[in-house]
Every structure is written in C-alpha cells, then in structure tokens.
Amino acid sequence: MGVDFELLVRQHQNRLFGVAFRLLRERERAADVVQEAFLRIYRHREAIDPSRSFEAWSAKIVVNLCLNELRQRKRWSYLEDEVQEPAAVDHELSNQDLRDEVRRGCAELSPARQAALVLSLMGYSYEEIGDFLEWSVSQVKTELFRTRRKLRLRLAGQLGAI
Amino acid sequence: MNCDFSSQIEEWLIQPGSALPAEIERHLEGCPDCQSLYEEGLLLNRLLSEPLGLPPADLSSRIMQAIRTESGQERDLGPAPPIAWSERLAWALLGSMLTLALSHLDGSLKLGEALLGWWESWSGRLSADLAAVGQIGSVFGWPSDWTLAGLVIALSTQMMVRQYLRREVRG
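Taken in order, these protein sequences are the chains called R and B. Residue 1024 is where the first sequence starts when you use the numbering used here, and the numbers rise one by one after that. Residue 62 is where the second sequence starts when you use the numbering used here, and the numbers rise one by one after that.
Hints listed in this document are in silico derivations from the structure and should not be mistaken for laboratory results. Don't take each hint at face value.
To be verified - Per label pair, the in silico range of CB-to-CB distance:
no., chain 1, residue 1, chain 2, residue 2, range
1, B, Ser68, R, Glu1069, 40 to 50 Å
2, B, Gly133, R, Arg1033, 18 to 28 Å
3, R, Ser1074, B, Ser110, 31 to 41 Å
The structure presented is a predicted model; accordingly, all values stated were derived computationally and were not measured. Note that CB positions come from ideal geometry on N, CA and C, so glycine has one too.
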C-alpha cells in the first residue's frame, strides 16, 4: 500500500468523526461519512503528500461529504418536521431548551455557514476553513461574525422571553 | 454596540483556544454591554459544542474492511490468473476445430482430386481463416496465445492431411 492505512485510520478517525458528528449530529451517519472519506483517501493514496498536512486534507474531504449530506437534507427538509417549533414559553428555560433554540437557528443557516461555525469552534483557523469551503479569509471572518450575531440575538431573545 | 472592544471580543469568541487577553478582561469589568456580549457568546459556544461521544467501537475495523474490499477489487482488475493446462488444451482444440471448420466452409468435402485441388489453393486462404478465428477469439475473450496455439495445431494437421492426400491420390 505504501502508506500504513491502519495507522492513519487509528490516528485520525476520532478527530474526523468529531467533525462529521458536529456537522451531521447523527452518530451513525457521521461514522459512514468517516468510512467514505477514508475510502476516498485510499483511492487517491498517491496524492498523499508528506509535506502537506494530512489532517487538513482529510478534514476537507469529511467537510465536503458532510456539506453534500446537509444540502441533501435541506433540499428535502420542507417535507419533514425535523425542527419542531417550541411550545409556549411557560417554564424556566433549561439548557436543552436553549440548545434546541440554537439548533433551530443553525438549521436555518446554509450548510456552509453551519460548517464554518462548527469548524471555528473546533479550532480550525480562518485559513483552513476558507480552504475547506473555498472562501477567502475575509469572507470566513465576515460570515462567522454575521452568523454568530444572528444566533446570539436569537438566544438573547429567548433568554429575554422568560 | 459601539464599543471598540466588541469586535475583539467577537473575534476571541469565534476561536476561544487561547486565554482571554488581559486587556479585554479588564475592559469587561467596566463595560456592561461587552460583558453581556461576552457571556452570550460563551453560552452560544457551549450550546454549539455538543458533547461528542466516541465513534462506534467497530469504526476502524469497518473502515479497514472497506479498504480491504476495495483493494481486493483492484487486484481483480490486475493480471489474469494462470490458466490450467486442461483449459489451455481445450482452448487450443477449439481454435484448431474452428480453423478447420472455416477452411472447409466453401470447399468440397469429397476426398480425391477435388480436395487436393482445393488444398492447392488453400495456402492463400489460410491467412484469412487465421485472421477470422483470431477475431472471433478476441470477441469472446479467449486467451489469445492459446487460441493461436490451436491455429498452429490446425495448420500442422492440415499439412499432414495434405501430405497424406498427395501420397494416396497421386500415388
């Protein structure tokens, strides 16, 4: 094989699973995406460049697979009632309520904005996020600022409604 | 919010890997707007960072199994496995029979002078027959070397028949 794939899988699967899980929020689908990503890496193993970061390259593949899945979901989401509107606020907000509110806010974002948000919190740099999403660094910053402000205001509205 | 620090706070909240700069920390104590921005931002980060959990325990074995299946398929597309001698002989016989059949298609099957006359013109037709069998073989994916071996057998057989007919018919 040239590359010790078993070692690569062991070293990187948890990190890649983390990216996929945070984006898809489904454990089994995230695992499927990681498996598919490693298959693609295997098929293009000649392209593995020791001078470039395998971490960034593999994450980019996972992000792209997740974006495809999120776009598919968004395309069909009008048929589903996946994101339930909350019942009237007549009780103290729990962390779960707030988390659901943020999820609803995220579900309204484009898949690429969702990905930017998640990746930034996982410690990926603006440059890396820009590379994954094919955005310029300034676009990454602008989108993240806007997205976060939107979610923060939504959250503040929810907190203020108590 | 018009505070100069707000964009710095937002930027730190986007990637809160390092410690909050002391300058911002001091500012937060005296600026309620930035304080609320900071707290809401931290809450948002906490809510967005869902607990990860571990991947399925069998994930690495699933991945390796998929890779092994993939590499097995690649090997299947590689060089053909060796052919058994019995199979080689069968292909050779098939090639020779087909060559003989083709060379008799428009020839007389009667023995004697007519056949000998046909044999005389046969050498010119042989190359066409060989090419025809080669083409048929390639269409059906026969191992070309062993089909050709069959053609050689056919040629040898015909040469022997020719010698026999010369001896028997012309004396």
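Quiz item: Taking each numbered hint in turn, which are not upheld by the structure, reported in ascending numerical order?
Solution: Checked against the structure, no hint fails, so every one of them is satisfied.
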